[in-house]
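Please work from the sequences and hints to get the whole structure.
In order, the protein sequences belong to chains A and B.
Here our numbering is used: the first residue of the first sequence is 1, the next is one more, and so on.
Here our numbering is used: the first residue of the second sequence is 111, the next is one more, and so on.
The set of hints was computed from the structure by calculation and includes no laboratory data.
Careful: at least some of the hints might be erroneous.
[What the hints assert, rightly or not] Cβ-to-Cβ under 7 Å is the rule here; a few derived chain B residues that face chain A:
{"hint": "1", "residue": "T153"}
{"hint": "2", "residue": "G155"}
{"hint": "3", "residue": "K156"}
{"hint": "4", "residue": "T188"}
{"hint": "5", "residue": "H192"}
{"hint": "6", "residue": "N203"}
{"hint": "7", "residue": "P204"}
{"hint": "8", "residue": "V208"}
{"hint": "9", "residue": "A209"}
{"hint": "10", "residue": "A216"}
{"hint": "11", "residue": "S217"}
{"hint": "12", "residue": "V219"}
{"hint": "13", "residue": "A222"}
{"hint": "14", "residue": "S223"}
{"hint": "15", "residue": "I226"}
[Said to hold, decoys possible] If you want the footprint, here are the derived chain A segments under chain B, 3+ residues with CB under 8 Å:
{"hint": "16", "region": "67-73"}
{"hint": "17", "region": "93-105"}
[Unchecked claim] With a Cα cut of at most 25 Å, we get these calculated DSS-like pairs of lysine-lysine:
{"hint": "18", "chain 1": "B", "residue 1": "K142", "chain 2": "A", "residue 2": "K38"}
{"hint": "19", "chain 1": "A", "residue 1": "K25", "chain 2": "A", "residue 2": "K13"}
{"hint": "20", "chain 1": "B", "residue 1": "K156", "chain 2": "B", "residue 2": "K253"}
{"hint": "21", "chain 1": "A", "residue 1": "K106", "chain 2": "A", "residue 2": "K25"}
{"hint": "22", "chain 1": "A", "residue 1": "K17", "chain 2": "A", "residue 2": "K106"}
{"hint": "23", "chain 1": "B", "residue 1": "K156", "chain 2": "B", "residue 2": "K142"}
{"hint": "24", "chain 1": "A", "residue 1": "K13", "chain 2": "A", "residue 2": "K60"}
{"hint": "25", "chain 1": "B", "residue 1": "K250", "chain 2": "A", "residue 2": "K25"}
{"hint": "26", "chain 1": "B", "residue 1": "K142", "chain 2": "A", "residue 2": "K43"}
{"hint": "27", "chain 1": "A", "residue 1": "K25", "chain 2": "B", "residue 2": "K162"}
{"hint": "28", "chain 1": "A", "residue 1": "K100", "chain 2": "A", "residue 2": "K25"}
{"hint": "29", "chain 1": "B", "residue 1": "K150", "chain 2": "B", "residue 2": "K250"}
{"hint": "30", "chain 1": "A", "residue 1": "K48", "chain 2": "B", "residue 2": "K156"}
{"hint": "31", "chain 1": "A", "residue 1": "K48", "chain 2": "A", "residue 2": "K38"}
{"hint": "32", "chain 1": "B", "residue 1": "K142", "chain 2": "B", "residue 2": "K253"}
Virtual Cβ for every residue (Gly too), placed ideally from N, Cα, C.
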Amino acid sequence: MAPTPRPRIRLDKKEAKTGEIVEVKALVAHIMESGQRKDKDGKVIPRKIINRFTCEVNDKLVFAVDLEPAISANPYLQFKFRASESGPVVLTWHDDDGSKIVGEEKISVS
Amino acid sequence: MTVTVSRRDALVLGGVAAVAFAIGSASPAFAKNDSAELIKAFTGGKEPATGKITLDLPEIAENGNTVPLAFSVDSPMTEADHVTDVLIVAEGNPRGGVATFHFSPASGVAEASTRIRLAGTQNVIAIAKTNDGAVFMDTKQVKVTIGGCGG
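Listed below in structure tokens is the structure:
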């Protein structure tokens, strides 16, 4: 796995009218090691997952998820938000080791 | 007319039998699943009503490593009446927790989808909580051909 995987983000529209619903699809390469598997010597492989995902539009939190090991590798999330003002759509994946993967798109609202 | 069993029904019944055998032999490994505790902590002990929330999962998942899950909650998502959280638990995984989704009126609609791991055939439960504390639940059983927790 690359040290800093680049997330793939797609908005179903780049321009929206106020109040319109925008759909976001987000995918990031991540092993999501559950911490329940053992290696061939019988030692538990330490847990390493994305434990939290957030989406902020113009610094305002519109959607968040707390993830558990039961989320598949390369976590995929699809969700929606209500367009209210133009600005950056910032998606953040929080890793167990404290690191973050950040992706950004833009929405323009008229 | 005589009672006929369609090809589809026959297949489903066969599948159920096979799967029942599979869990029968494997269930001791999943003895400690904390789903009930998680649900209780989430609802504050309140009994969830059915309706409002719709959980969508395949009836049969060939690969438990990546099972598509989607849900939607019927809510106007206004300041006065909106969904705040949705808890997903899997009763047959080594641990019950799958994910907790957080919404606000800015979400516009309370729906999302992702892909989850299922260790075997089991029930998946989604519970939605609204801003006034009401809780709603939906349950789906998924038949898993190959479990998704390694080992």
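Hint-by-hint comparison with the structure:
{"no.": "1", "hint": "T153", "verdict": "violated, 16 Å"}
{"no.": "2", "hint": "G155", "verdict": "violated, 21 Å"}
{"no.": "3", "hint": "K156", "verdict": "violated, 21 Å"}
{"no.": "4", "hint": "T188", "verdict": "violated, 11 Å"}
{"no.": "5", "hint": "H192", "verdict": "violated, 11 Å"}
{"no.": "6", "hint": "N203", "verdict": "holds, 5 Å"}
{"no.": "7", "hint": "P204", "verdict": "holds, 5 Å"}
{"no.": "8", "hint": "V208", "verdict": "holds, 4 Å"}
{"no.": "9", "hint": "A209", "verdict": "holds, 5 Å"}
{"no.": "10", "hint": "A216", "verdict": "holds, 4 Å"}
{"no.": "11", "hint": "S217", "verdict": "holds, 5 Å"}
{"no.": "12", "hint": "V219", "verdict": "holds, 5 Å"}
{"no.": "13", "hint": "A222", "verdict": "holds, 4 Å"}
{"no.": "14", "hint": "S223", "verdict": "holds, 5 Å"}
{"no.": "15", "hint": "I226", "verdict": "holds, 5 Å"}
{"no.": "16", "hint": "67-73", "verdict": "holds (count 7)"}
{"no.": "17", "hint": "93-105", "verdict": "violated (count 0)"}
{"no.": "18", "hint": "B:K142 / A:K38", "verdict": "holds, 18 Å"}
{"no.": "19", "hint": "A:K25 / A:K13", "verdict": "holds, 11 Å"}
{"no.": "20", "hint": "B:K156 / B:K253", "verdict": "violated, 29 Å"}
{"no.": "21", "hint": "A:K106 / A:K25", "verdict": "holds, 14 Å"}
{"no.": "22", "hint": "A:K17 / A:K106", "verdict": "holds, 14 Å"}
{"no.": "23", "hint": "B:K156 / B:K142", "verdict": "holds, 23 Å"}
{"no.": "24", "hint": "A:K13 / A:K60", "verdict": "holds, 19 Å"}
{"no.": "25", "hint": "B:K250 / A:K25", "verdict": "holds, 24 Å"}
{"no.": "26", "hint": "B:K142 / A:K43", "verdict": "holds, 20 Å"}
{"no.": "27", "hint": "A:K25 / B:K162", "verdict": "holds, 24 Å"}
{"no.": "28", "hint": "A:K100 / A:K25", "verdict": "holds, 18 Å"}
{"no.": "29", "hint": "B:K150 / B:K250", "verdict": "holds, 19 Å"}
{"no.": "30", "hint": "A:K48 / B:K156", "verdict": "violated, 33 Å"}
{"no.": "31", "hint": "A:K48 / A:K38", "verdict": "holds, 13 Å"}
{"no.": "32", "hint": "B:K142 / B:K253", "verdict": "holds, 20 Å"}
This entry does not satisfy hints 1, 2, 3, 4, 5, 17, 20, 30, going by the numbered hints stated previously.
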